[in-house]
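Take each chain as given, in its own frame, and dock them per the hints.
Taken in order, these protein sequences are the chains called D and B. Take the first sequence: its position 108, counted from the start at 1, is 107 in numbering that gives the first Met the number 0, and no numbers get skipped. Take the second sequence: its position 39, counted from the start at 1, is 38 in numbering that gives the first Met the number 0, and no numbers get skipped.
Since the hints were derived computationally from the structure, they do not count as laboratory data. A couple of the hints might just be wrong.
Straight-line distance between alpha carbons at most 30 Å, and here's what the computed DSSO-like set of lysine-lysine pairs gives [as the list claims (entries may be wrong)]:
#, chain 1, residue 1, chain 2, residue 2
1, D, Lys-129, B, Lys-53
2, D, Lys-58, D, Lys-173
3, D, Lys-113, D, Lys-58
4, D, Lys-110, D, Lys-126
5, D, Lys-126, B, Lys-53
6, D, Lys-110, D, Lys-173
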Amino acid sequence: MRRRLLLLGTVVVAVLAVVAVLATGLGRDPSATASPLVGRAAPDFTLGGIDGPAVTLSKLRGQVVLVNFWASWCTECHDEQAALDQTWQRYRDSGMVLLGVDFQDTSDGAKDYKHQSGLTYPVVEDKDSKTALAYGIRGIPETFVIDRTGRIVDRIIGRVDAERLAGAVEPLLKGGTQ
Amino acid sequence: MRRGWSAGGLVVVIAAIAAAATLGLIAVRGHNQPESRAQQVQQIASGLHCPICKDLSVADSPAPLAQQMRQQIDQQLAAGRSPDQIRAGFVAAYGDSVLMSPPRHGLGSTAYYLPLAVVLGGALVVLLLLRRWRQPSTVEGPEPDDRAPLTSAQRQALRRAVERLREEEA
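So that you can see chain B by itself, here it is in the shape it has in the complex (with noise of 0.2 Å):
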């Protein structure tokens, strides 16, 4: 007999094709290029931690320092310097911690990779599952949590019920 999809297999191929769909929209969002050089120091900002701001980015605190970082921001790039030599300016002197989202290299990597593996494994969880499912089921018989070994008052209920079937039939 041919199973279909239960409610759990389902469930676990929205949540695999969700994340997917979510982890494809950051990727493609990640791409948007700013067009002047204050949405760029804008952009640049928001990827850096405030260094004496408690969870905000340097876009968004309004202290001093996050200014002046600011500013160094729009001075770094009125020179010449990419982003990415801006950013690597702010990692030299506070470390990785100055980024709002770990770096792609080392410990870092695992939020980027994690993610991936977990719903690659959980799509092969649930192909394995369907092929399972899927198989067909050779005998009609109990489910296997049912297959222990019966008790001796069991066995001899059995032999009771099957000796009355066959007075019942002679």
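Same shape as in the complex, but just chain D (with noise of 0.2 Å):
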């Protein structure tokens, strides 16, 4: 009799804990998938602008940076333009740049989005998309958060509002981390 519990009590416990890892996984939101970059010192690169110079990310240290990878024909990118060109109008004086990185795009295709849309942040192109696999970039739109001394604080993934970009700039402007 006890020996038929402790058979049931195991098989039990086993169940309820295929369960709890099951229920765990799947109820996991993909899109949250924790980055590795976080709290490390982001990548450097340097890479040509679509209409200006080139740019390297490690002579904007001292400075908090937006990289923004976006494209063209990404509609959520579109969706999200506008959020970043309030924040970049907002934070552009007080220390805070805001870099489009054009990823899997034509130069042409990028060129004319941005001239249509008025997106007034500096664009650089990512031709071989190193500096997206360097940020194990999954999908666009993608925006890390890089701090004053070029530590990533934050991965945002899919479309941000200025809210949400507000909230991470603001405290690194102030001096502080996140």
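Put into structure tokens, the structure is as follows:
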């Protein structure tokens, strides 16, 4: 009798463990994939501008940097562009740089979109996707928040809004860390 | 009385042998070394998960990002980086999830050691069962489940049967 109870108990515990593992995995938001880069130094890059000078990330050290991966064919990128522009206009004189990184796109497509949409922040081209691969890009848009020391403090997958960006940028501009 | 192998015991033993053989085969095949750089690229790419695909390796995916990953692997091999260093570079950017097989450390190591533990545990159970089955039985009697205490009706029936036997002998 005691043996049967022990066996039954073991089976119940095993089944509950499997259910718990499945429930944890299935309940996870796939877009909330943690990046191993958060908390580490942002991978450096030098990329040519689509209609301006080349930009080297390490030369922006001392400023808060938002790196936004996007493409002209990406509709979700279009949807977030107003928020990015608003953030750029609001904080550009306070020590923040917003950099658009054009990903898997044509130069003409990116230029046309920039001019038609009135996008005002600098945009560089990641022609061979090396930078995107170094940042572990899984899809666009993705935005990385980099503090004044060059460390990645946040990664935002998908469309950003101005409030979220302000919440990420303001403490860094005030000298705090996240 | 000695008992032979039961069907259940045989199934467990065969399953344990099959699992051990599979693990051995995987271990042996894992040591195949590619010859050319293209083969090396293919081998490294087949061990990496295409980040923008569902269940496709970088080797199998036609996605532009996977193509660029293959190019980057090729360039890094040409620059003298080892396959482990190249994999580590992708893991640094994407995390362990970029690997097609779980890593051999942390929680991922359970995928490698759990089957071994199950096989060893199964073998232990089989050994214990075999030892128990092969022990000579001292009493030829009812199976353990039949050893429940008799009810009063059964006791009375037994008493009557014994009395009948004694009367017949007398």
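Structure-based check of all given hints:
no., hint, verdict
1, D/Lys-129 / B/Lys-53, "21 Å, holds"
2, D/Lys-58 / D/Lys-173, "20 Å, holds"
3, D/Lys-113 / D/Lys-58, "24 Å, holds"
4, D/Lys-110 / D/Lys-126, "14 Å, holds"
5, D/Lys-126 / B/Lys-53, "24 Å, holds"
6, D/Lys-110 / D/Lys-173, "34 Å, violated"
Hint compliance for this structure: hint 6 alone is broken.
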